[in-house]
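2 protein chains.
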Amino acid sequence: MKALKKPNILNIDNIARSQLFQIQSVNLEFSNGEKRTYERMKPANREAVMIVPIIDDNLILIREYAVGIENYDFGFPKGAIDPGENALQAANRELKEEIGYGAHSLIELAKLSMAPSYFSSKMNIVIAHDLYPEQLEGDEPEPLIQIRWPIAKMMDLLDHPDFTEARSVSALFLAHRYLLQNK
Amino acid sequence: MKALKKPNILNIDNIARSQLFQIQSVNLEFSNGEKRTYERMKPANREAVMIVPIIDDNLILIREYAVGIENYDFGFPKGAIDPGENALQAANRELKEEIGYGAHSLIELAKLSMAPSYFSSKMNIVIAHDLYPEQLEGDEPEPLIQIRWPIAKMMDLLDHPDFTEARSVSALFLAHRYLLQNK
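Chains as they are written, first to last, in the numbering used here: chain F, 1 to 183; chain S, 1001 to 1183.
What the hints contain is simulated information worked out from the structure, not anything from laboratory work.
Do not take every clue at face value.
[To be verified] Sample of chain F residues facing chain S (criterion: CB under 7 Å; computed from the structure):
1. 16
2. 42
3. 67
4. 142
5. 146
C-beta atoms are modelled at their ideal positions from N, C-alpha and C, and glycine is treated no differently.
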């Protein structure tokens, strides 16, 4: 594949911020001399983790209120990796907080990006086997609804109207592929 | 599945903005009385479209500079749906702008969300067959690099280090499933 010559970043301004978000304006000069100004979220070092938990012949999913769509999202447990944790440690903690289980076996399937023209975020997709009950206190405002979904019908999740999040959809396919390859 | 009682939205403030982004602070009261303040991007009505173009025995992908990761992303053509367009019309226009082809056959495979706790964005995934050459002027600062990838090896894309965008990964799996079911 042809090597690509990246544009030069001429200048980066922090132009707006809130508690959670920092918006930057970036002046670029492409290798052909074209100049552009793009906006993006300030890149963060912190990655996140999404877990596909397997118990008996089922996947475990959760329903959690998502204010961006003002509705309950239906997908896999997830959360930010805390300082000092690696992805698998964060996965195990999030499992304990969100569904009340730890896992003896955690395997990383992929690291996904999201709208990279605007965001630097990375989501590590992890499959979790050999669960054992252990609850850690989370910071959810209300208990998360837990749903067990038969592995035999896992691809039917694609027909569920609330199972639409791109990382959850990718995680479903990646887990399906992993399970077929590791029967 | 149990009916979920949505929290009441008590108040929405616009707290920061740039040309592209508008950040809101939302005060919520959950049905159990818990109150929270969440930040989100102001919901937009405009959806987007991502296209999996098929020509002969190949998929067509593009490499485009993404300032959020300061690198060239490797994925499928995509863009916003313009006012007055439906998803399939936008898909055909984006194809002409980004890869120089129109399509006689466009089929919608899914509508994906992305991090719905913060964003309302929807990406319509479309598969495009029966391509014909037609170029429309795009607004790219430099020509997009086009890559043809054999359908017979399409799942090898998952091993490419720059093919990581969650909507592109979902689109790859959805197209693979569609092609298997419609042989």
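Which numbered hints are broken by the structure, listed smallest first? Of the numbered hints given earlier, those the structure breaks are 2 and 5, listed in rising order.
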